[in-house]
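K.L.:
The working numbering puts the first residue of the sequence shown at 62, with every later residue one more than the last.
Don't read these hints as lab results, they were simulated from the structure. Just so you know, even glycine gets a beta-carbon here, dropped at the ideal spot from N, CA and C. Mixed in with the good hints there might be a few duds.
With a Cα cut of at most 25 Å, we get these calculated PhoX-like pairs of lysine-lysine [as the list claims (entries may be wrong)]:
# : residue 1 : residue 2
1 : Lys137    : Lys152
2 : Lys160    : Lys137
3 : Lys160    : Lys63
4 : Lys63     : Lys137
5 : Lys190    : Lys104
6 : Lys63     : Lys104
7 : Lys104    : Lys152
8 : Lys63     : Lys85
Here are the simulated distance ranges between beta carbons [unchecked claim]:
#  : residue 1 : residue 2 : range
9  : Glu145    : Arg94     : 13 to 23 Å
10 : Pro163    : Asp193    : 31 to 41 Å
11 : Glu142    : Pro100    : 29 to 39 Å
12 : Ala141    : Lys63     : 19 to 29 Å
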Amino acid sequence: MKTVVVAGAVGIIGRGVLAHYEDKDVNLVAVSRRAPDFPTRAKHLPVDLLDRNSCEALLSQVPDATHLVFAAYQEKPTPAELVEVNLQMLKNMVEVMEKHAPNLRHITLMQGGKAYGVHLGGMPFSPAKESDPRHMPPNFYYNQVG
């Protein structure tokens, strides 16, 4: 049976992912600092993704994880701070899951319009396409692949 771990489970995307899987035959794990304030059958793990020790202690409890949906995100005042904090959360989560979940076979990284530069004041290309040129960094999404 699949075990789907959703990081950022109480955010807009995380809630939607949990709702999607609610009636599916999968084990569900919700990862967030705060407990879900909505009905869900997901097991909640109160993980602070910026704290590697918290990740190790709690994420090691899901060795049967097969899928990870990473929708965690923290807004910060500067682009450099935004990249730093979000990249650290992603690294902590993925590295710990790879260590403790030998059957992990799929990771989904959720992205938004900032990948296309909408936060910089408009869209130079509409509709946006993955083949569009990148805007000048820093951008958290660019650091996810390197």
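K.L.:
Of the hints given before, which are not true for this structure?
P.N.:
2, 4, 5, 12
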